[in-house]
Structure formats: C-alpha cells, structure tokens
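Here the structure of chain A is known, so what remains is to put chain B in place on it, guided by the hints.
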Amino acid sequence: MLEIVNLHASVGDRPILKGIDLSIKAGDVHAIMGPNGSGKSTLSYILAGRDGYTVTDGSVTYNGEDLLALPPERRAATGVFLAFQYPVEIPGVSNSTFLKTALNAVRRQRGESELDAIQFLKLARAKCKQLGMTDEMLKRAVNVGFSGGEKKRNDILQMALLDPKLTILDETDSGLDIDALRIVADGVNSLRGPNRAMLVITHYQRLLSYIVPDYVHVLAFGRIQRSGGKELALELEARGYAEFGVNEAA
Amino acid sequence: MTWLDTLRNTNRSRFAELGFPKTGQEAWRFTNLGALAGTPFQPAPPAFAKVAIETLPSVTPSHRLVFVNGFFCANVSASDILPEGVIAGGLAATLNQHPALIEAHLGKLAHDTNHAPQALNTAHIADGAVLYVPKGVRVARPIELVWIGTGANEPLSWHPRLLVVLEPGSEATLIEHHLSLDDGAATFANGVSELAVGAHARLHHYKVQRERNSAFHLSTVAGRLEQGAYYEGFLLTLGAKLSRNEIKLVLAGPGAEAKLSGAYLVRGQQLCDTTTLIDHATAHGSSQQLFKGVIDGAAQGVFQGKILVRPDAQKTNAHQLSRALLLSDDARIDAKPELEIHADDVKCSHGATTGDLDDDAMFYLRARGIDQDSARSLLIDAYVNEVIAEITFEPVREAFEALASAWRYAG
Chain A
1 MLEIVNLHAS VGDRPILKGI DLSIKAGDVH AIMGPNGSGK STLSYILAGR
51 DGYTVTDGSV TYNGEDLLAL PPERRAATGV FLAFQYPVEI PGVSNSTFLK
101 TALNAVRRQR GESELDAIQF LKLARAKCKQ LGMTDEMLKR AVNVGFSGGE
151 KKRNDILQMA LLDPKLTILD ETDSGLDIDA LRIVADGVNS LRGPNRAMLV
201 ITHYQRLLSY IVPDYVHVLA FGRIQRSGGK ELALELEARG YAEFGVNEAA
Chain B
1 MTWLDTLRNT NRSRFAELGF PKTGQEAWRF TNLGALAGTP FQPAPPAFAK
51 VAIETLPSVT PSHRLVFVNG FFCANVSASD ILPEGVIAGG LAATLNQHPA
101 LIEAHLGKLA HDTNHAPQAL NTAHIADGAV LYVPKGVRVA RPIELVWIGT
151 GANEPLSWHP RLLVVLEPGS EATLIEHHLS LDDGAATFAN GVSELAVGAH
201 ARLHHYKVQR ERNSAFHLST VAGRLEQGAY YEGFLLTLGA KLSRNEIKLV
251 LAGPGAEAKL SGAYLVRGQQ LCDTTTLIDH ATAHGSSQQL FKGVIDGAAQ
301 GVFQGKILVR PDAQKTNAHQ LSRALLLSDD ARIDAKPELE IHADDVKCSH
351 GATTGDLDDD AMFYLRARGI DQDSARSLLI DAYVNEVIAE ITFEPVREAF
401 EALASAWRYA G
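Here the protein sequences come in this chain order: A and B.
Once you know that position 240 of the first sequence is 240 in the working numbering, the rest is easy, because the numbers rise by one and skip nothing.
Once you know that position 43 of the second sequence is 43 in the working numbering, the rest is easy, because the numbers rise by one and skip nothing.
Pulled out of the complex, with its shape left as it was, chain A reads as follows (with noise of 0.2 Å):
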C-alpha cells in the first residue's frame, strides 16, 4: 500500500530525514518510535502533505501512486489520514459544519453522493454512539474548549467517517491520561480491519500496549535503525535509546 524509498527531507537548510525506507501492506500496524528530534513528526506531516518540508530525495508511492505530487485534501480523498498530536482548534466552525464539509468533499473525489444534513447527522450520531462520545460535541466549534482527551477523540470520530485506507497516528498518546488513552485506542482497534493500514508514531511504549502494532521501528537521527517485531518496543522502553547514541534526559 505505501513505499517509501531513501526519503531525505529538509526545513529550510535543514536536513531532518535522511534515507527512509519502509513498506507497508494493507491490513498491518507499524509503529515508529523514536526521541524528540528524530523526525517522526516531519515524516507525518510529508506524508500528509504539510506545507514547509523540502523534499530532496527519494519517493513515497501510494497504491502506485506519487504521494507526494498530490495536495493534503487529494490525499485525505484517495484515503491518507493524519490523526494530529494537536488538533487544531477552530473558533467560529461548528464541529457538524466542519464533518459535513469534509466527508462530502471526500465523498465527492472518490466519486460518491453527498449527504444531505439529515443523512450526515444520522450517520455522525451513529458513529459518536460507536467511539463513545456525546452528541454534542457535533455543536461545538471545532476543537474549542475541547479537553485533551475530546480533541484525540474527535480525531477519531473524522477517521471514522473518512473511512480511511492508510491511518498516520502522530503522538496520539500526547496530552492523554490512561482512561483516554484507552478510550482513543479502543476507537483506533476499532477501525483495525484487513483493507487498512496504520502507522503509529510514539515516543513511549505506552501507546503499543492498547494499539497494538505488527512491526516496530526505531528512528533517531532522520534514519530507520532497527526494526523489529513488537517485541522491540518493550525493548526500547527498558533500555531507552541510548543504543543508538541518542542521550535524553531524564
């Protein structure tokens, strides 16, 4: 579903990633793990299409496709999802205005019907019922006012009616105390399925515990240094990343 081959990225001068290379097939989990400053976030928004990211070598292919000859909102369409480490918040938006906007936009490229408003709010409050939440988080503006926990969740409820192919967690565990994590997760696993891909990136274990993954990577200094089963992360959370020559502090 998605190659990346020798991805090398810049900010500005700076060169963050530096040879990526990781294939991904339809129904696996993978995780990236890695410190503050490896490039895990850099990857997220590449693959998401952010712009201010230099791309300077290398290819990433989606389903055959250049990922990255396409804008956020083809992406988000063709079935790339990035779940935000912080949602953004938007004054003045209702958050049902917002989905209804966003699934018939995608709906609309992927060559189906739109939703009228009484088809999208039967299909959101089924799906709030689904992950847990309330009804009236569709009232509020996007993300304000929201807590840690109802931003991540309303990042859920977008995936879920996305219906995303390939899912981008980016620091979902940020910010969350362990009953919305195990909220978020249980949403996540939910939406696990043979058609769909994921891609967990975290700095701790924690996360790997409730959101499982097939395969784990370990990325420090812009590079993929070791993979492994899911064996690896608790690994990782026993020994740090010293191995790699990363010192963190305590």
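Hints listed in this document are in silico derivations from the structure and should not be mistaken for laboratory results.
Please read these numbers as outputs of a predicted model, since none were measured by experiment.
It is possible that part of the hints are untrue.
SDA-like mimics (lysine to any residue), calculated; alpha carbons at most 20 Å apart, straight line [stated by the list, open to error]:
#1 A:K139 x B:R397
#2 A:K139 x B:A389
#3 B:K248 x B:Q25
Residues on chain B that point at chain A, a partial pick, calculated with CB under 8 Å [what the hints assert, rightly or not]:
#4 D360
#5 A361
#6 A367
#7 R368
#8 G369
#9 I370
All C-beta atoms in this analysis are idealised placements derived from N, C-alpha and C, irrespective of residue type, glycine included.
Showing chain B alone in chain A's frame:
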C-alpha cells in the same frame, strides 16, 4: 421655517469655511477625500421609486420605508399601522405634520461646527427619515429604512438626515439598508443621524451598506443615551469605493449601556473607515466594541476608536477591539485605538490585531479533504460570523451572515 433656514444657512457658511477634510487633519489622516472633493457632484433632484415594493431587496420582513437618493418615497413604503403615537416616515412630511417635534430634536445632537461633512449635510437638509416612539411603547416589528442610490450619467449627491427619538422606557429595532439599484457615475451619500435614546429605552440599530463601487458613503452618527438606556449597533460594510462610519455616542445618564460592533469586507480599491467615540460622561456606564475587517486586493481598512472616560464616570466598564484579516500582500489596515481616562475606578481595555488566515487551521481542513478555496471560505465565514454573532436580533443576524457569505463569491 425660519429656524430651519437659519440652521441651514449657518452650516452652509460653515462648510464654505471648512471645505472637505484633508489628510493633514488628525481625524482624517488615513482617509483621503481628494477624489470625493474633486468630483463635480450635483444635488440629486427629488426622485421616486419606479418599481414595486415587492421587488425591492429587504433584510428581513419589516415595516419598510423606502428612500431614493435621500428622498422618502411614500408610494412604495409600508402603510400598515404602528402602535399609537409612533411616527415612522419621511423627514419632510413629518416636519409638516409635527413641526414642534422636529424643531425640538433636529440639530440638537449633531451640532459639531468643526465637522465638515456634518455641516454639509445640515446645510442641505431636505428629507430623510424620522422614527419617534412615545414613552413606554415597544415597537415589536423592525423598521427597515431602504436607502436606494441611483443615477446613471452625472455624479449626484444627497444628504439624508435620520432622526430617532425614543422616549423613556420605549423600544425599537431599526434596520438601515443602503444599496444602489444600478451601476453608473459616482454618487455621494452624506448622511447624518441623531439618536436620542431616553431613560431605560432600548434601541437596536443595524446597518448594512452595499452601494456600488463608484459610490462615496459618509455617515456621521451622534447618539445620546440617558439613564439605563441600551443601544445595540451593528455596521456591516460591503460596498462603496470609499465609506466612513463615524459614530459618537454619549453615555449621558448613569448605567447606560452601548454595544457597537461591525464587520467590513472590502477588496479591490475600496476603503472602509470606522471612527468611533464613546463618551462616558457619568458613572456605571458600560460600552463594548468589536470590529472585524476582511481586507483583500489593494483595499484599505481604517479603524479609529476612542474611549473617553470623564472624571464623573466612575465604575465605567469600557472595552474595544479592532481585528483585521489581510488576505493579500497589498491589503492594509490603519488602526488607532485610543483611551482617554479621567476617572480612577474604571475597567477599560482596547486593542488591535492584524493577521492572515491561520496556516494550522488551513492545513487541518485540507488534511480532511477540503480544498483550498473552500477551506479559506470556511475560515473567513467563521471569522466574520464571530462578530455578526453580537447581533441579538436573530433575523438580522442570519441575513447579515448570508450577505457577508455572498461577498466571498462576488469577488
């Protein structure tokens, strides 16, 4: 009428001395009236609307009074019954029917002899609108003044006067709808409004200006709020080549409350100037101002807001904020918020912010499949709707949201 002739003549000679303001004057430093002063405007002759009232635009179902180039058009205005004692009609007609009432109020609030556009208006008083609400009367139905500008070939000017008198304890909702029926030569609408809001009276006053892009639109408002009075004003500016809303409100009685907000959306070569003075003259008054601009192309926004708190105005609560969203590199805003405080026990704040669309929000929307144009529209609507939400009268709030939203597609 001799008093009116005297008023006109005094102001005619006063304007002859003053001339149009120049940018060398502090109050006009950002707004250049050179193009206006250089246009040979002719006074618009009395006109009448040739169209049926049903076909004229309306903000919301209301008791509508229609004016063409400043002249009241009874034939296309509402004639249904208002509560007893309420007067809503043309100034010239009301002057004939209730001369004492007009003499008692006209020129009593707008009498700044150093204000050139006001002097020019007063020199030319011919017609306009009057709203009088007797003591304790609540006018439930909104009254909409439809100010139509028209004239194809030669530049025309008019100087409409609006007189609003709310007696103690009364209440009314006034909507002003300024528009052009056609395209053509420059027009110059130079309005002056006097708003007398009696003790514990409540005035809701909403204005939308969407004149054609050859229009000059100057509006000078002088309002006075007595004890416990409430004034809610909103200005939506979409049209005209150059427009200035200049509002002076005196909180004359204790506990008076003024809420004044507005949104302006301009592009091309448009200039929109908002100049306010909130004069807290006595204690326990409160005022709140929020103005938001969306400025595209090479358009210019001007905001000059002053809060004056006089020595007797203890326990004043006064806040003011100007915000501007610049959508292009050539767009500009000149903001001058000002506080002048002579009392020590007050809560006052003011501020001005300028920015462009939030990159984080843009990316968030696009990452969810929304294309760039739609994402921009959504964010602009959200920005503008935040200030339109200050309008407490829902039908106007919805109508203004729709007008502001339509602006984006008109570009």
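Hint check:
At roughly 19 Å between alpha-carbon atoms, K139 (chain A) and R397 (chain B) fall within 20 Å of each other, so this suggested pair holds. Taking the CA atoms of K139 (chain A) and A389 (chain B), the gap is near 16 Å; set against the 20 Å cutoff, the hint holds. Taking the CA atoms of K248 (chain B) and Q25 (chain B), the gap is about 18 Å. The hint holds against a cut of 20 Å. Interface hint status for D360 (chain B): upheld, as the beta-carbon distance to the closest one in chain A is roughly 5 Å, under 8 Å.
Below 8 Å, beta-carbon pairs count as interface contacts, and A361 (chain B) has one with chain A at about 5 Å; its hint therefore holds. Because the closest C-beta pair between A367 (chain B) and chain A is about 5 Å apart, less than 8 Å, the hint holds. Interface hint at R368 (chain B): satisfied, since its Cβ lies 4 Å from the closest Cβ of chain A, which is below the 8 Å cut-off. A hinted interface residue such as G369 (chain B) counts as satisfied when its beta carbon comes closer than 8 Å to some beta carbon of chain A; here the least separation is about 4 Å, so the hint holds.
Interface hint status for I370 (chain B): upheld, as the beta-carbon distance to the closest one in chain A is roughly 5 Å, under 8 Å.
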